[in-house]
Each structure stands twice: as structure tokens, then as C-alpha cells.
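Whole structure, please, built from the sequences with the hints as guidance.
What follows is the residue order along each chain.
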Amino acid sequence: MQRFTCPFCGLRDEREFSFAGESGKTRPDTAAEVSDADWSAYLFTGTNPRGRTDEIWVHTPCQEYFRMIRDTVTMEVLETVPLRRDPS
Amino acid sequence: MTYSAFRLFREGLRGQRGWTQAWRSPDPAAEYDIVIVGGGGHGLATAYYLAKRHGPLRVAVVEKGWLGGGNTGRNTTVIRSNYFFPESTALYDLSVQLYEGLSRELNYNIMFSQRGMLVTCHSEAEMEMGARTVNAIRLNGTDADLLGTAQVRALAPILNFSPDARYPIHGAIWQGRAGTARHDAVAWGYARAADSLGVDIIQNCEVTGFVVEGGTCKGVETTRGTIRAGRVGMAVAGHSSALGTRAGIALPIQSYALQAFVTEPVKPIIDQVAFSPAYGAYFSQSDRGGLVIGGGLDRVPSYGQRGNTPLHDEVLGGLVDFAPILARTKLLRHWAGIVDVTPDSSPILGASGLPGLFLNCGWGTGGFKAIPAGGYLFAHILAEGAHHDISRPFDLDRFVTGRLIDEGAAAGIAH
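Read top to bottom, the protein sequences are chains C and L.
Numbering follows the working numbering, in which position 46 of the first sequence is assigned residue number 46; successive positions increment by one, without gaps.
Numbering follows the working numbering, in which position 363 of the second sequence is assigned residue number 363; successive positions increment by one, without gaps.
Hints are supplied without guarantee of correctness; some may be wrong.
[Claimed, not checked] Some but not every residue of chain L turned toward chain C, in silico, with C-beta under 10 Å:
#1 A154
#2 P157
#3 T245
#4 S302
#5 Y303
#6 T309
#7 D340
#8 F399
#9 V400
[Unchecked claim] On the chain L side, residues computed to face chain C include the following (Cβ under 10 Å):
#10 S240
#11 G244
#12 I253
#13 V300
#14 P301
#15 R306
#16 P343
[Unchecked claim] Away from chain C, derived, C-beta distances all over 10 Å, residues of chain L:
#17 E124
#18 Q151
#19 N160
#20 L251
#21 I269
#22 H334
Note that these hints are calculated values from the structure, not bench results.
All residues carry an ideal CB built from backbone N, CA and C; glycine is no exception.
Below you can see the structure in the form of C-alpha cells.
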């Protein structure tokens, strides 16, 4: 059993987490006209890298979404980063 | 050399000294009409059908490791065509039909055993959905039946029929033409037949990049030099995204590990392939007696060819509820393959977006059963530069047009 670090709850069982997608994608502005190709790229296309990857995950019990940087071959988790910024 | 019972008998008397190499190991030529990247089942079948049906063509298969060392040698060998959508049934039933004649066609015993497959239903509501699935499969033009509990018990008495089971068995969807085959033999049979038709099979030769001239793919860069080609076909399963990146194309694919297990050999106890979506496990028995067990995908995207423990526990836990007699059977081996999962759990066949480069990928967890059809259709695409009627719905453009073939949703499981 692997454990992932939730930025808010600390080390937790991997079964508590769900993969949500690759990070760095920006949702097209749907108030404007979006081409089918751009919408398809946003919805479906990814880099799916072998090795270091930067992804969005959710910790199901606390419902926080965060960035997880890990290696898809060794499965080592390199870093988890909150998406939230502190209010300032 | 033609394989036959007579040849086997003669070699038995002669100390097995007369067997010759099943295929050559040629050095790559500088140029081919068609180069196929990936020496698994799909790549080798593609080469065979190119040479057989579309020749004369100069064809090469380039493989970074050994033949059938990826998912072709890592699956649970199930062959079936019990799909919900007509497009899928057309594709997978073409595969079953080709499998039915394959041992004879290739002169190689792939041990295709049409032992039938049970997909168990565990409530009256599931039986209603089962009836819907059976009707859909029949309307799609292939065979399926809905069995009641007594019929399932007569076929597979070792399943858990207790009314107190976690998921009591109410019946099953049955496809009698489904079955299993020897996975290595499928790769080797196609390799031998393709080689005898003049295809160069080049192993230990990794593709490191693509030759692109004027925006068109004109060949591949490999660890054994540049190989030019009129058209290039990619059939690399779980590594499609990684290779696609080298061609500058991004694909709608996520790679996951899919685990499988085999137990110590035991006496024959199950004649069919038995699959319970509720327990998340399926199994069949190999000719050697080992129980070959599979389940769903790992939940963590991965390129590591090994499984993780949560799915291991889920599959084996489900299995011992599904067939409690297996609880004390020892596992011999446990492994994983990297599968290329698309958003709609259906494969991608056709143009890649880079002219000259074509795709055969996205089979996810169901690539083995599709090998003959995948090869047959991909050969057509590579020879003609255009789709076959059966492959057209599986073009990459469906992710732009929105005309998905969502078999994941149709079956209610991750394929």
C-alpha cells in the first residue's frame, strides 16, 4: 500500500485519493466561441508522460484538490502542492 | 517448414534435431514501403495481413524488446465479442471470426478454445440490464443468451450460489463463442507467417524518433539507424503517448497498469471464462491447470509494469467471494501490463494528425481479443491510406466530432 501526502491532512492511504487530470490545462472561455478542436484538446488530450508528471488529484475525505508531482515509472511522489492560495 | 502431426512424430523419433528457426533475424534495410513500430500481436498481425492481402509490399516490424513481450504476453487471453454498440460488435466479432480460422491459416496452433463466457448478474435489476445487453448483442448480429441460476450452476458449480453471498447469483449473460487462446502463440504464429511472406522482423531495435520531411513522416530513427518508409504504423499500446510525443502528437490516452494473476495448477474445475462485474474479478483455467485471474485497472496512472496492492486486494478478495473453493489456492505469479485507456474505452485506428504516420492504439484492457481484427484493419489503413468500413468509427476525429463509442459506460465497468 502506498501513501500519498494530502497537503491538508498529511500522509494518507492511496485509496483515499482520486486522479482528476493533468495540471496546467486552462478551461477555454465558454462565454466566447470555442472551436471543437480546442474543446476536444481541453477535455481529452494529454501528455500522459512516462516519468515525471504533474497532476491534479483530490483527497476524497477532505475534498481538497491539489497538485501532485510524481514519477509514473517508480511511482515515487516527489511533491504535493495545494492549489489554494492563502487569502491576503 | 509446415508443422503437422506427422512432423511432430518424426521429430520425436529423431531427437527433435530437425526443427528450423521459425523466423529470420534480418538487419534492417535502408527503406521499406511500410514500417510498423511494435512487435506485439497487433504489429505482427498487421504485417501478416499487409503481406497476405495487400502485397507485394516491403514491410518491416521494429520492436524494442522481444516479440510479444508487452501486453501480448501479459493479458488473461480472453477472446469475446459481447459488446453493446454495433460499431464495437462489428470490430470484435471480426476478430472472433478471424480467430476461429487462425490456427489453420497460420499453420500454428494458437489453442483457441471456444469454451464460452459467463458474465454473472447479481440482482433482479442486473438481470433486467443483462436482458438489455443480450438483446443489444443479438441485434448487433452475434450470439448471446441470458441464463438463469440453474443453468449457470449446471455450467459452473464452483461459483458461489449461496443466497447469503455478498452478491448472490441470479443468472448470467452467456456468449458461447467466447473463449481463450495461447497468447504467445498468437504473436509467434503471426510472426512466423509474416516472415515466411517476406516481412522483416527486427527485434532489439528501439524507435527513438521519426523522420519528418515537409510535415510528413518519412520513416523512423532507431537504435540501429534510420529506416525510411512510405508509411509508418504505430502499434505500441501503453507507450503510445510516449512515442506520440516524439512525433509531436498528443493523444487522448492515459496509461494505467492492469494486473493479472495465475495460481498453481489444479485439476479441471471450471470449463468457462467466469466474470463477475459486481465482485470485480474474472477467471478461467489454462490447459496446464493454472487459474488465470484478472480484474479492473489500477486507479493510479502508471508506466511501471507492476500492480499496486489496493487492486490486488480487491480482485483476489472478490474472487474468493465469487468462487470460495479458490480461497486456499496459491498464487504462482502476479504481473501487470501498461494499457492505453481512451476516454470512451474504445480503440483508435487511423490517421494520427502527422501525415504518413498512422495509429493502432487505445485498446485499453481489451487488446488481445482484438489482435486479428486490429491487424486486418490496420493493414488496410496502411496499404490504402484510408479507412475500412469497420475501422472508420474508431478514427481519432471522434474526440472532436463528439461521436464517441462509450463502451466503458455501456458495460458499466472499466474495460
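Subject >> Indices of hints not satisfied (ascending) >> reply: Hints 1, 2 and 20 not satisfied by this model.
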